[in-house]
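Novice: Given these sequences and hints, build the entire structure.
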Amino acid sequence: MSLGLLLPLGLLALFTIPALIIIYIIKPNYQLKHVSSTYIWKLSLKYKKRKIPVNKIRNILLFLCQLLILTAIALIIARPAVFYDRNTDRSDVIAIIDSSASMYTKSEGETRFHRAVQDVVTLSDSTFEQDGAMSVILADENPEYLATRVDRRNRSSLMKTLQEFLDGTVACSYGTADIEGAIKLCEEILADNPAAKIYLYTDTSYAYVPDMIEVVPVTGTEEWNAAILNAEVELQDGYYMLTVEVACYGKEGLAMPLEVNVQVNGANANLSDPTGKTYKFSLSVDCFNGEKQTLIFCKGGGEPMDGFTYLDLEESLSTFTSYNSISITIDEQDSFIDDNSFQIYGGRKEVVNVLYSSTVLNPFFSSALDVLGNRLSDVWDLRIRTVERRNEREAFVTNGYDFYIYEHEVPDQLPTDGVVFLADPDKSPAEAGYTYVGTRQYNNRMYFSSGEDHPLVKNMDIASIFVTKLTMLTYDPAYRILMSCETNPMFLVRDEGRTKIVVMPFSVHYSNIAELPEFYIMLYNAFNYFIPGLVDGNSFEVGEEIVATPRGSELTVYDTKGEQIDRYQKEEGVLSFEVPMTFYTPGVYTLTQNSYFNADTSDTWIFVKAPEFESDIWRQEDVLAEPVIEQKPDNTVQEIAFWVAVALIVLLFAEWLLQWRGNQ
Amino acid sequence: MKVSYLNDAFFSRLETLALNLRANLAGFFGGKHLVKTYGQTVEFADYREYMPGDDIRRIDWNLFSRFEKYFLKLFTDERQMHVRIFLDCSASMGKEAPQKGAYAVAFGAALGFLAVHNMDKVSFRLMRGDRCDDPFGVIVGKNSFFKAVGELENIAFEDETDLGEAVVSCPDGGVNDGLSVIISDFMTESDWKKAVNYLTYKKRQVLLIQILTPDEADPALDGRVHLVDAEAFGMDDPKNMKIKVTRSMIASYREALKDLQAELKDFCNSREAAFLPVICNRSIEKTLFGELLKVGVMS
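These protein sequence lines map, in sequence, to chains A and B. Count along the first sequence starting at 1, add 645, and that's the number in our numbering. Count along the second sequence starting at 1, add 280, and that's the number in our numbering.
I should point out that these hints are in silico values taken from the structure, not numbers from a laboratory. Treat the hints with caution; some may be incorrect.
[As the list claims (entries may be wrong)] Derived Cβ-Cβ restraints for the label pairs, each shown as a range: (1) A/HIS679 / B/SER563: 24 to 30 Å; (2) A/TRP1301 / B/ASN434: 51 to 57 Å; (3) B/ARG504 / A/TRP1301: 46 to 52 Å; (4) A/ILE705 / B/ASN434: 50 to 56 Å; (5) B/GLU543 / A/ILE666: 44 to 50 Å; (6) A/HIS679 / B/ARG562: 20 to 26 Å; (7) B/ASP410 / A/GLN1304: 45 to 51 Å; (8) A/HIS679 / B/ASN434: 19 to 25 Å.
Quick caveat, the model's predicted, so the values are computed rather than measured. All residues carry an ideal CB built from backbone N, CA and C; glycine is no exception.
Specialist: Put into structure tokens, the structure is as follows:
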């Protein structure tokens, strides 16, 4: 489709534009008028003065309007038209190459993707011989044109691109293929040439295929796949239970025996055996084509039933309560090897040491911490120590913990290696940034009001909390006030570099917070905010968005080969540090984060695999989407003078409006 | 083209009118204007007790017979008024609009006629620049008046006038002896307030008459106009101006003129003076019989 003019000579009317400019230049001078006095006229200018800038803009707009009017008239004379390139005589061929992970299936020395590209090369050659045009779409998660309507003369760029695929310089994706999106892309070409032929090179078979599309299968006859679809561990009675889902595709009518091998590394590590043991066990299961089998490795085993097979780890003395990693493999020489192994990480949780120090131990605090420990047990190994200071000479514990809770009595010098939570502080420690003023008691309930919006008070019903006695403080501007009572801050947080202090200047004895879930929510928020889990899970699919929440200021990502691929740093003043990531190649990735409080770094491993349904290399779908062909007029030229005339009328009206406004 | 309103029919129509004076008058000559002081007329005013030195011929013997005390009979006094007519002779008054100048002269002459007709004195002061000419002196009697009016019709309107300076510098300003009339268009940057202040300070009754042409009162201009001021010296004079006359511009002009007239009126009210705007397409008789009667100058 292109725009053009049926009568280009009509553009000669544009010569009226210089005429307009000349008219503006030689516009008649001011009409001479003798008056008795200009005194009143000069006075009247003061009344009028404020409108002068608007007048200038109006004059420019008026000139532009007149210019556009002349241009529109010239265009109407020149008869503008839309020319549709509806060259149906020429052969238009569109090739869609499926670029999903299953196209890595290999037989007879070549992958399906390789085979598809070769077929497209052949198709291109034959199309060019018939003087046709070739378009190629690579259908991965985001389909795009590799070439659009390439003909014999400019075929080289297309052939070069296809050759890069054949050489392996550019690879097929490990994700899914958006075939429907690719067909949608074809609609652009079909709009110009409804007779264009679409070839889809895929390994998926369709029950219904539209007439204008020809599906070219690129599967090999002997291809089959044994796959580990998913695997996960779960704590059961203190021992891990491993569940593995496997399947076999492409072995029609045969029960294919699959042997699943498991290796648990670093199992049951403890102080005496910090590296832990390595357990190896395997289980064989008969798989029928397309049927999913679930293998369960656990202590005590289970009754076998249809689709479920158990292995009692106790028998092989392989039960484990912790692990570094679990490697699951299938040793089969199948056609698609990327789903023959699976890695599970996260079996050894990072220890978070929590200290609760008080003059009189409060069971309310202890139980809240226990609940929190259970709630976060899948992320952290929360080790809580309670210290009761019975006399003033007893020294405070101020190092070696990640989270310090001091109730009533607080140390003179706050710890610098962890988050400090001060509940009902009796004084102001050095460099704490607040000053203790005194206490104040009320005869009635004093309810809290909300302060700044902060992740620490997320999901809290602040208005329901009241106190009858509070501690008055003055504080540095570095503190954020999250709750207050009258003008007194009731929940303050300071989060600057290594200084992370939370102050709760009231006692739970003089508040209803102990009766409400708000205290537990507050502690949970504090842990999630200051010590968040890095990622939710340890195995993901290609193309899936993973949101990492590092607890330090830096996160580095390494690929399977140990090469750094990304590095993220927290910006100053930003409350939450969230890093969205997406991986496009299967494998094991290492996420290394630092800590605010020391130079240590901690590594987290995640396993990225091809999408589960890509393992079904003989996938069948019901319907292949049909492209929608835009209905266009039969004639290939459509005059648009009418629309220019409409624009002309609008411009004339605008010009009249500006003139009218100018004369007001 | 010379325009004249002054003819016998015009003056004969004015004979029924007389100037009214609100203020007291000083002076020696008798006239037709009653004043608050006691004099020699036949109109009774009041009684007072006889004082040694009083003319015994004025003792009312009837009262003596009743009260056995001497009382004098007092009579009202009548004085002659001096009407001073200050005529703005700047170019804006008649160079471009002869009708305006003629109207101003006729208006002045009409007031002068009323004065001499009532046996008052009149003098015409022609304001030019910052001075005031008195070409005819004090006119008493109709013969002298008509002679002066004959010459008044030939005066030239030119240059600028500083109303304030011209009035203040005028010799023989007189104190408390009658009416001062300033006839101008008041389209001037000069200090006309100074003139009014000076005349009221001299205890004279003051009347300001603003003469405008119909075009000045309601301009009929349109489009891009180069306005040339009648008082301008050449085309480059800053008094000239180029403007695009639009409806809003005309509205602004009317607003400005209205504000100027309001200022004149307010100022006159504050000084117990009278202000009368006159458009020169209105007949002088209608203005005299109508507007001047309303403001109380005429009776």
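Novice: Confirm or reject the claim that A/TRP1301 and B/ASN434 have a C-beta distance inside 51 to 57 Å.
Specialist: Hint holds: Cβ distance 54 Å, inside 51 to 57 Å.
Novice: That 50 to 56 Å hint for A/ILE705 and B/ASN434 (C-beta), does it hold up?
Specialist: Holds, at about 55 Å.
Novice: For the hint 24 to 30 Å, verify it against the beta carbon of A/HIS679 and that of B/SER563.
Specialist: Holds: the Cβ-Cβ distance is about 26 Å, inside 24 to 30 Å.
Novice: Tell me if the beta carbons of A/HIS679 and B/ARG562 are separated by a distance inside 20 to 26 Å.
Specialist: Roughly 23 Å apart at Cβ, these two residues keep to the hinted range, so it holds.
Novice: For the range 19 to 25 Å, tell me whether the beta carbons of A/HIS679 and B/ASN434 fit it or not.
Specialist: 22 Å, holds
Novice: Can you tell me whether the CB distance of B/ARG504 to A/TRP1301 sits inside 46 to 52 Å?
Specialist: The hinted range 46 to 52 Å is violated for B/ARG504 and A/TRP1301, with Cβ atoms some 19 Å apart.
Novice: 44 to 50 Å was suggested as the range; check whether the CB atoms of B/GLU543 and A/ILE666 agree with it.
Specialist: 47 Å, holds
Novice: I want to verify a distance hint. Is the separation of the beta carbons of B/ASP410 and A/GLN1304 within 45 to 51 Å?
Specialist: 47 Å, holds
When each numbered hint is compared with the structure, a violation occurs for hint 3 only.
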